[in-house]
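K.L.:
Just so you know, the protein sequences line up as chains A and B, in that order.
The opening position of the first sequence corresponds to residue 1 in the numbering used here, with each subsequent residue numbered one higher.
The opening position of the second sequence corresponds to residue 1 in the numbering used here, with each subsequent residue numbered one higher.
Because the hints were derived from the structure by calculation, they are not lab data.
All C-beta atoms, glycine included, are put in the ideal place defined by N, C-alpha and C.
Please note that the accuracy of each hint is not assured.
[As the list claims (entries may be wrong)] Cβ pair distances, simulated, as ranges:
| # | chain 1 | residue 1 | chain 2 | residue 2 | range |
| --- | --- | --- | --- | --- | --- |
| 1 | A | Ser-80 | B | Asn-53 | 18 to 26 Å |
| 2 | B | Thr-256 | A | Gly-18 | 34 to 42 Å |
| 3 | A | Ile-59 | B | Asn-53 | 48 to 56 Å |
[Stated by the list, open to error] Selected chain B positions facing chain A (Cβ under 7 Å, derived; list incomplete):
| # | residue |
| --- | --- |
| 4 | Val-27 |
| 5 | Val-153 |
| 6 | Leu-157 |
| 7 | Arg-159 |
| 8 | Ala-160 |
| 9 | Ala-164 |
| 10 | Glu-166 |
| 11 | Arg-204 |
| 12 | Trp-205 |
| 13 | Ser-207 |
| 14 | Lys-208 |
| 15 | Thr-209 |
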Amino acid sequence: MSRTHPLIEARQLGVRLGGETIIRNVNLSVYGGQIVTLIGPNGAGKSTLIKTLLGVHRISEGQLTLAPSLTIGYMPQRISIDDSLPLSVYRLMTLTHRASRTAVTEALQLTDVPHLIDRPVQQLSGGEFQRVMLARALLKQPDLLVLDEPVQGVDFNGEVDLYRLIQRIRDERGCAILMVSHDLHLVMAATDEVVCLNGHVCCTGAPETITQQPEFTQLFGHKHADALAFYSHHHDHNHSLAEQGGHVHD
Amino acid sequence: MIEMLWPALLAGTGIALLAGPLGSFMVWRRMAYFGDTMAHSGLLGVTLAVVLNLNLTVGIALVTTALALLLFGLQRQRRLPSDTLLGILSHGSLAIGMLVLAFSESVRIDLSGLLFGDLLAVNRGDVLWVAAILVVALPVMLLIWRPLLAITVHEDLARAEGIATERIRIVYLILIALVIAVAMKIVGILLITALMIIPAAAARWLSKTPEQMAVGASLLGVLCVWAGLAGSWFTNAPSGPAIVVTAVIAFAVLLTISQFWQRTRG
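Please work from the sequences and hints to get the whole structure.
P.N.:
Structure, rendered in structure tokens:
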């Protein structure tokens, strides 16, 4: 993991949308092969930050540096495609990036759903759709994957599988991953660095240490911090935690 | 006598061809009301043309394009929901247009022809306008097809993947504005949106790809225009409603067939 040149680096980044400051003073860098997880309460500006890194929103202040010839694969928050639009998985995957059926099938194989290639997108289950979108992000052989709540609309077992898959993709392909997540207890084990956002970066660190920072407990409460500390020692999870997580962050 | 039908037939065919892809996007992007608003502002365009002594088509094209750009700008504000905004502009422009026409005594305009279409009002000049717009708009439509489709699926994703989303959307709006300008004489201000969305909606039942739906909408639209104009010619009915009723029938028939088809296949 090269520590010298980040793939992407934001310094003192600020974004205003419609006259309202959404994020300010954000410092963030992602290095090759690293998994960085962005957490924070609703309205903390997580999606805004990610979209700014991708060039969707204009930067109001600060700096953003991308490594030269960086390829980014982006998977947005769960999207819904109008029933009136007849669109197959293959077409969805090649909307902005032309690719052969072979290439698309290979990408779908990475996420274990090659059989869905001709399925109308409206007929996919939540989990299938997210896997297709993940494969779509992988199609361009990215150096960096940006995933905005990749498990949204996926049932609990599916969530665990999907996070495992994301980790496997990092391990096999060596691409860096920047993701937004609500499921702290699930992502922690697979994360190198946690960045906690609430308009600005509250705290950042390795998952084992971040829960001890006062800013973290202030934002998420002691209960959660304890649960996460517990999790980093015992690789187990339980459903009541999942529900609490959902409650606190949704 | 029949040669009086030719201009309307030719112009109507060109309009229906363009309305297919444009209308499909209108359905996918849930912009039917948006299209209606632009069409209603066409009456204001008529007024402008009369007052400034411009060509009718030019007057309408100017006003509908201006309205499209205005709406594009206004959509960035978030204080009013966009359908409220559309309601204000749609009915506002329609009402202003009606009032100005009503008060200008020097002008004698067949209002019902403007609102519902009049095939006899279509002349050779209108056919040339349609041809010119067809020659420009079809290649442009092909050019923006893929990016506009990407924007329709997810705007931020398209933008993140390098598409100039705002430029593409503006081009699409201008195409709609142009088609409205040439379609008004045949279908009428109140029914133009119907010619865009009904064939597209009907083609949805038969389509597996976006392109099938757009081409299907064009072909269906052409058939509806022919049948509607023929009906209007023989019964003396206003051409707009005749075309739209044909389209509604086509929609209902295709819906029934597709439901039956799905049921028999299991």
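K.L.:
Now tell me, hint by hint, if it's right for this structure.
P.N.:
Consistency of the hints with the structure:
1. A/Ser-80 <-> B/Asn-53: 18 to 26 Å: Because 50 Å falls outside the window, the suggested range is violated.
2. B/Thr-256 <-> A/Gly-18: 34 to 42 Å: violated, 46 Å
3. A/Ile-59 <-> B/Asn-53: 48 to 56 Å: The hint (48 to 56 Å, Cβ to Cβ) holds, given that A/Ile-59 and B/Asn-53 are roughly 50 Å apart.
4. Val-27: holds, 5 Å
5. Val-153: holds, 6 Å
6. Leu-157: holds, 5 Å
7. Arg-159: holds, 5 Å
8. Ala-160: holds, 4 Å
9. Ala-164: Violated: closest Cβ of chain A sits about 11 Å from B/Ala-164, beyond 7 Å.
10. Glu-166: violated, 12 Å
11. Arg-204: holds, 6 Å
12. Trp-205: The hint is violated - B/Trp-205 has no Cβ within 7 Å of chain A, the shortest such distance being about 10 Å.
13. Ser-207: Result: holds, 5 Å to nearest chain A Cβ.
14. Lys-208: holds, 5 Å
15. Thr-209: Holds, because the Cβ-Cβ distance from B/Thr-209 to chain A comes to roughly 6 Å (cut-off 7 Å).
Checked against the numbered hints given earlier, the structure breaks hints 1, 2, 9, 10, 12 and satisfies all the rest.
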